[in-house]
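Per the working numbering, residue 41 is the first one in the sequence shown, and the count goes up by one each step.
Simulated from the structure, these hints should not be mistaken for lab results.
Quick reminder that beta carbons are idealized off the backbone N, C-alpha and C, glycines included.
Accuracy of the hints is not assured; some may be wrong.
Across the chosen pairs, the derived CB separations fall in these ranges [to be verified]:
no., residue 1, residue 2, range
1, Thr362, Ser646, 55 to 65 angstroms
2, Thr362, Val707, 26 to 36 angstroms
3, Val537, Asn106, 31 to 41 angstroms
4, Thr486, Asp417, 18 to 28 angstroms
5, Ala326, Ser136, 17 to 27 angstroms
6, Thr104, Asp705, 58 to 68 angstroms
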Amino acid sequence: MLSSRAAAFVGRLRKEMSVGRERPFTRGRGARVLIPALLLVVGVCAGGSVAGGHARAATPPSGTINGSAPVPWDYAGIGGTGGGTDSYQLTVQLPSSAATYYAPDVRQGSTHAAVLQVTLTWTDSSADQTLGLSVTDSHGNAVGNDTLATTNDGSNINVFQLQDPQNDTYTVTASNQNGSSTAAIAAHAVATLRLIDLSSEAQPPNPSGGTGYDNYHLPLSLMPVKTEETQLGGRLFGEPSIGVDPRNNDVMYQAGLYTIRTAFNDATTPATASYTDVSFPTTSTASEDAILYVDRNTGRTFVSQLILACSLGAVSDNDGTTWTPATKPCQTPAAVDHETIGAGPFASPLPMGAVYPDAAYYCSQNVAEAECALSVDGGLNYGAASVMWTSDQCFGLHGHVKVAPNDGTVYVPDKACGSPECLIVTSTAGPNCHPGFAVSTNNGATWTVHTINDGYFRYFTTGDPSIGIGAHGTMYYGYNDRSGHPMIAVCTNQGTVCGPSKDVGTAFHIENTEMPTVVAGDDNRAAFAFLGSTTPGDDQENSFVGTWHVYVAVTYDGGATWTTSDATPDHPVQRGCIEFNASCPSTRGTDDQRNLLDFNDLTIDSKGRILYAYTDGCQMDGEIDPAGHGKCLTDATRLSGLPTEIEAPAIARQNCGLGLYAAFDGVMPSCSVGTALPETPHAAGLVVGGLVMIGGASVMAWRRRRHGKRSA
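Whole structure, please, built from the sequences with the hints as guidance.
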């Protein structure tokens, strides 16, 4: 993501038009009033050409829907000379008053769910027939949007969604988004009202055979507000990075401008944590994007802070005790956004000049293309840029670079590949636009693009996809599908063969997914972590009220089966939108749901224990509960004195179940289904000036096993 200082840069304008992200460092982020959603589906099928050029009334002109049966109508005169429109009056009748029906619920966000979905299709395939929908309430206020288009496949379909329809009459207007067209066309609409009782969909217990987690908040007392954060109006804790030194299992965590080393003591249950600020001055004063990576072979830590022209970079071989600044910490020429660093073995043959055991890669994007560069000296100097793809191949933001531990194959995932249908500024991605990835088998010299052909992306609301690579090169590709569901595919033969995508969220009724992250250990073991919500509909729509939890799915059989657990079952980590396309509500006069930014991170320690870095959007101002986690019940929750900030860096650390290395099975106890454990606060160590400090609510850790207990 780009900071607000980069907003004046021309690249930001291009990104707002093409990637759909806006004001990523505008930090106001409250959750909404806790009301649920009701799903209203409106399907529109095309008719023939008719005269156009003025507003018309649909046939019939109005109707009422209450969920008992579909309500059909016909549109006429859409587009044509002068850009004709057609409107229909749709009255929604809820089972009770909106206040009663949308009663708050601590876990689900609300007792019921509601989404108005309008699907518009037409048969005229002329290039200028691009139809769209808009809706106003009885007061003339515009509601909802048609930028998600969850079912769009390029075959003359447009999808509108509105959540939380009230007991009101809505005007549903169809028009040609291009204005005038060669001919006006007619269409047929069908409205369906789906009533969802969220309170009746009880969340299942974490399954036996799954994984359990303790959650830790990094102490903000160790991370005072920086000058840049004050200027930007919010903390820079979104987009955390995490890595583990395999030599001692020290955890390295990048939270904006801070690099924090965490040591866990497993002699107690749950484990205690001690934190040390090991930030290097060069990489802790300014940033457009922050990234950290720890080489799982050598333990070297790489830190980079993007500054548009290049980056500020440094490496450490002792977990941040000392640092070596990078001489040339980016590729030539530099790219302006979304840098990522990864390392792994060199592919054969070994390039000339290699003085570090592993190849290191720095990748970033210039909107029109994305590039990678190789370092042969462990991240001190990166070479010339090699283009991974152009806008003719892929579009949008990419995920983190990963290197296969067996043969040095390099992978970079991207949300939208499949020319030319991904290169658009609307959400109507064509049928050949899929999640994809670039692959290099020659140390980044050349790249080949492959796609997950059964996957379709949500254009504006898809965060970065993620890749994990097993010990023998099996690649696991996790993403949030157009359906909103968490999907993962398994690929072999250096990405040339990919199996069918699998939905890992069905057990928990996951309807929306953001920030997928994947890591692998043994070739047949992988973990897929993501933020998930049981509330259906468009999670970028300005009335989305769902709650979000951290879920982790694991496989021990190469992706044949997956077992999913809720890593934060007792409290959400966000309410309302997780904003990607600046359409979420602004309850305090700013884009207050952009707090989490674009991605989280996932890693394992030397024994295969899973650790997930995430930004907690539900911390509470002066009222952190004994577990260290805010209740997140209103949009007024804030953690610090900065006016629009409600976030904190956090770690979910596996405490039971099998890890991702079979050689260490038994190191952690098995997880078994049982009664819920109470929240278990404990003291944590805070290193300040060489002294260990104990205590403080912000350094508590807590059990996150809502229905589970640990057994030997």
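Consistency of the hints with the structure:
Range check, Thr362 to Ser646: Cβ separation about 22 angstroms, and the 55 to 65 angstroms hint is violated. Checking the proposed 26 to 36 angstroms range against Thr362 and Val707 shows it holds: the Cβ atoms sit about 31 angstroms from each other. Look at Val537 against Asn106: about 49 angstroms separates their beta carbons, and that is not inside 31 to 41 angstroms. For Thr486 and Asp417, the hinted distance range of 18 to 28 angstroms is satisfied, since their beta carbons lie about 22 angstroms from each other.
Separated by about 53 angstroms at the C-beta atoms, Ala326 and Ser136 break the suggested range of 17 to 27 angstroms. Under the hint 58 to 68 angstroms, the C-beta atoms of Thr104 and Asp705, about 60 angstroms apart, fit the expected range.
In the structure shown, a violation is registered for the earlier hints numbered 1, 3, 5, in ascending order.
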